[in-house]
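Novice: Each chain, letter by letter, is given below.
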Amino acid sequence: MMMIIVDEVIEHIFDFITSHKDRNSVSLVCKSWYKIERYSRQRVFIGNCYSISPERLIARFPGLKSLTLKGKPHFADFNLVPHDWGGFLDPWIKAFAKNRIGLEELRLKRMVVSDESLELLSKSFVNFKSLILVSCEGFTTDGLAAIAANCRNLRELDLQENEVDDHRGHWLSCFPESCTSLVSLNFACLKGEINLAALERLVARSPNLKSLRLNRSVPLDTLQKLLMRAPQLLDLGTGSYVHDPSSEAYNELKASIQKCKSIRSLSGFLEVAPRCMAAIYPICANLTFLNLSYAAGLHGNALTKLIQHCNKLQRLWILDCIGDKGLGVVASTCKELQELRVFPSDPYGAGNAAVTEEGLVLISAGCPKLNSLLYFCQQMTNAALITVAKNCPNFIRFRLCTLDPTKPDPVTNLPLDEGFGAIVQSCKGLKRLSLSGLLTDQVFLYIGMYAEQLEMLSIAFAGESDKGMLYVLNGCKKLRKLEIRDCPFGNAALLEDVGKYETMRSLWMSSCEVTLGACKTLAEKMPRLKVELINDSDQMEFNLDDDQKVEKMYLYRSVVGHREDAPEFVWIL
Amino acid sequence: MESGCSKNVEGPQLLDLIPQGREWHVKNEDERRHGSSEEKKLELRLGPPGEDNWSNFKDMNSKTSNRERDESMLSLGYFSSSMNSNGKQAHNNTVLSCPWAKNTHQQPPSFLQFPSTTPQSLPVIAKESSQPCCTKAVDLQNAEKKAFSPPPANPAVPPNTSQKRTAPGPVVGWPPIRSFRKNLASSSSSKLASESPSVVPHKGSNEKAPAAEPTSKGLFVKINMDGVPIGRKVDLKAYDSYEKLSTAVDELFRGLLAAQRDSSAAGGIVNKQEEEKAITGVLDGSGEYTLVYEDNEGDRMLVGDVPWHMFVSTVKRLRVLKSSELSALSLGSSKQQGKIPA
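Protein sequence lines, in the order shown, are assigned to chains H and X.
According to my numbering, the first sequence is numbered sequentially starting from 367.
According to my numbering, the second sequence is numbered sequentially starting from 162.
Hint data in this document are derived by calculation from the structure and do not stem from the laboratory.
Any given hint might turn out to be false.
[Stated by the list, open to error] Pairwise CB distance ranges, derived in the manner of DEER restraints:
#1 H:Phe908 to X:Thr408: 22 to 32 Å
#2 X:Glu412 to H:Asn760: 49 to 59 Å
#3 X:Pro468 to H:Arg641: 14 to 24 Å
#4 X:Thr408 to H:Ser612: 48 to 58 Å
#5 X:Ala420 to H:Gln905: 47 to 57 Å
[Claimed, not checked] Computed cross-link-like contacts, DSSO-like style, restricted to lysine-lysine with a CA-CA straight-line distance of at most 27 Å:
#6 H:Lys691 to X:Lys398
#7 H:Lys691 to H:Lys591
#8 H:Lys671 to X:Lys398
#9 X:Lys483 to H:Lys620
[Stated by the list, open to error] For the chain X half of the interface with chain H, some residues (derived, Cβ under 8 Å), not all of them:
#10 Val333
#11 Gly334
#12 Trp335
#13 Pro336
#14 Pro337
#15 Ile338
#16 Arg339
#17 Arg342
#18 Lys343
#19 Val395
#20 Trp469
#21 His470
If you're wondering where the values come from, they're calculated on a predicted model, not measured in any experiment.
Quick reminder that beta carbons are idealized off the backbone N, C-alpha and C, glycines included.
The following block holds chain X by itself, in its conformation from the complex:
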């Protein structure tokens, strides 16, 4: 049985669902989400099934994979017959025996009038294109016999044969959008120099996926505090000022910090009544702790120098450090961005 594509391990679900003139109806959730998770009876061949190999996502640009792919392409002709054993006549006419473009056996669906060029003319076109000299071993004559059958599920081809054309992960230049749009979700409240890492130092090269977690609903960044082994995550979109962030830091860590102090207290009884000390002064250096952040260029910066929206667009993670240890760290000076109006 041919295999379905991509993520499915089960057999294909060739389903005659294309309504012949009927209204297209919304599939129920299940059908749509789990598509082919159940075997469905084959009612009509709609055309070439999906190809298993295309689900192999490997290094697409490696030259060795080109060679391997060549070989797998070369084997097209030889394996096709096993495909055809399923009853699919991979011949011109039959391939067109799908509800969309009926061949001469049936009337074309009323909503799509087949033009005067009937399927019979297809072989003509196909033949013309097979005239020229082919350098490939899988020549067009061979492939033509099988018409438009795709590379079959080829067990002989090792899984790391790259078809080079598929990838579930980030592909260079995919999805095809301009740089301006790439980091939109991670900085919905601002989009200033956040694009610079991918544009200025590495012009033309790959875009970095945003390090902070972007969703269209929140900008969550990690925040760790000195002396507290467990970090937190804070949604920067929930705040619109440094003061609010500072309050949030206090709320997030006050209890944890107190718990740490308790547990590190030498032996004895943990006094749960001990008052939790508020964490204040993280922005102006007046407190025991100071808030710093790592920006999109990897530099550590003091929080509070730049306008809030600019901060949100460049921050990648936050840290609450002991003020006494600040001098020991290398802190970048705040950039001049936004300071001097034009």
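Chain H extracted, bound-state conformation:
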């Protein structure tokens, strides 16, 4: 007897398939599965908001509840993309509202979000629960006020490093008294003052609050009161952490912190008094994530003493004023460390940066579980990288940045080809790589040969010829995002394998050797690739000479037509 599996059963099975990749695969099996999958799909991830239109999205996934959308290319973080390039949220919200999509969660990265969009969002989706904005811009605290006031079921409002115009309105006070559902509130990136009393009341009536990240305007004594109300917190971002350690308020804080036995994640310290760090010691042993990357006032003994208490740390974000010796303390204390990010405290300083290859080697020797690194350093050597590769073969993300972008190995004066080569050869699971230092085509040969799992590669001021880029395009089969600036890669490399770009999300090339003619050729051959030429925002005219080098080119695959919101300084071929 033949067993027939009914659609409902298949749908139920699909409920267990949650990863985007898997659901995408499942939908390709047959028409029936495609149909079942699309109606049951609730979570969608769109890595490039211009690869598809809101209408197409809605048509395919009418049951959409949770959406992740990304807008500008990554290099926009470093001011390489002019303002107003695009990435507007508005059309999406309008389409969702019009089609009565039951949106509950929205996560945006590098998008332009207006107050109007936020207001429309807040009024259109009754079950809206979670708003996460990362590196977005275009809105003010008025938009936040709308969210606070109208989203009755809001659980999460998470603002990470956004550019927000702070009107210092009453946004926090706009949470109604009936709002008791907050689980996560992060407003650390806001620059203005906050109504402290409203904040205290809000926290007091949010028994489910697990994550709270304050901005700089919240003083230490308010922090103490908040902790009294929310000892169940898992994740805390302090506001201004400055006080007189001999004061009563500070003693009260010490007592309150001790009760917060659940805190696993600590950040903030936007303003910090080193002598007050002792209050944190009692909870350090529980911490798995510590972010001190904004605490420029914390260094030397105060810093290392703190770290010595954190022996369960898995992720550490720190400033380079920790120094190589400080990293040695990390290496001997944090044996569970998986992710390390060392940011520059003095990016334009002349050689004041306090970490070198030595610190990294110490870390690699002491923390064998390390799999994710972001390291801004004064210098790096091949020998050190080879040692690191040997000690830590588990890297998934490896991003190295020498403050001088083309600095060679200072001991040998050689390029860092061999060092990075060792990394890609040893770390077979490497998915993301950023290079810096003096580099020739050789390093790209190694990357093409060994980096089989590589998905994202960032290159700046490196290579010598088209061969470099070709090694990568030919060799890295899983490459999704390639971003290149100031490298001598040109038309030959660009046009060698135009089909490759449809297997990728996007390619960015700026200040390279690519000409207008080649871009036109590419656009002609590949209609489903959008080739954008980007000028500076005050330059509306494009030089029409085919031999003219293109300043910035951004190309991405897309299943819809040209975007209609491109500004004048963007030319889509």
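Given the coordinates of chain H, work out where chain X should sit on it, guided by the hints.
Specialist: For chain X alone, coordinates are given in the frame of chain H:
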């Protein structure tokens, strides 16, 4: 001899320092800091040496420099031979004769097993990539003969040929950090609207390097006083209130001011016993002098209006002016920042 990179004028220091399975040891201070300041014997070619031209830091975005760079790239093929005279066979296999990835002549270092794809397969890859039509005169065939040799030290290329890829000074978007982090050191005690100059009026354009001197250890701003030709510098991180700053101003300038008065006294004997007059009332307008500052937008402001940490994050320089002359100057009114709680 090939030249070292960047800052070195001496020859290259190709040094076999990559330990073959040995522990990497910390180099002594000297070695590390001065790297190649002494000539060291060449023991083993580790690969392409650094390139002299990359130390030319010029206008990276100029179009003329693109052309010039093209030309220097074009000359790659022709000058390579002079490079090779040094004995470096810039051939596939030899390039790999470095301790990291040994070619077939030697065993790979034990800590890095060479995969089954041997170096012999490299030419295959290289050739594939050289198939397509090249628009450049330095075609890949030519370059391939030299394998991966870098642009040689090319004396024919004038120093202002820009490789466009190097710069010792501020480069747009380098180091690659978000705006939030850029002014951290200059305002460790606060980071409010200090980012606004680069973000609000010039969104997307270059970031300004901080005008006040940022170090992770202090925020030093210049302070000048009317009637005193020599200015001072004061570390704002050493204070946490306006009162303390006011006291510091008094301490800094009291003596200097008295000295000025002495020296400007008409002729005669300088009376060193003359009491130095305290400088007071700089914050409330009650004294002979008033403290003002220039903020990050270039406006002159009265000191004392905004919370201390906000002041520290926006102040760029200080001035102690004669109170009687205040009205003659254009003073911005203190901004509303931080005044009205949300």
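Novice: Starting from the hint list further up, note which numbers the structure goes against and sort them upward.
Specialist: Violated: hints 1, 4, 7, 9, 19, 20.
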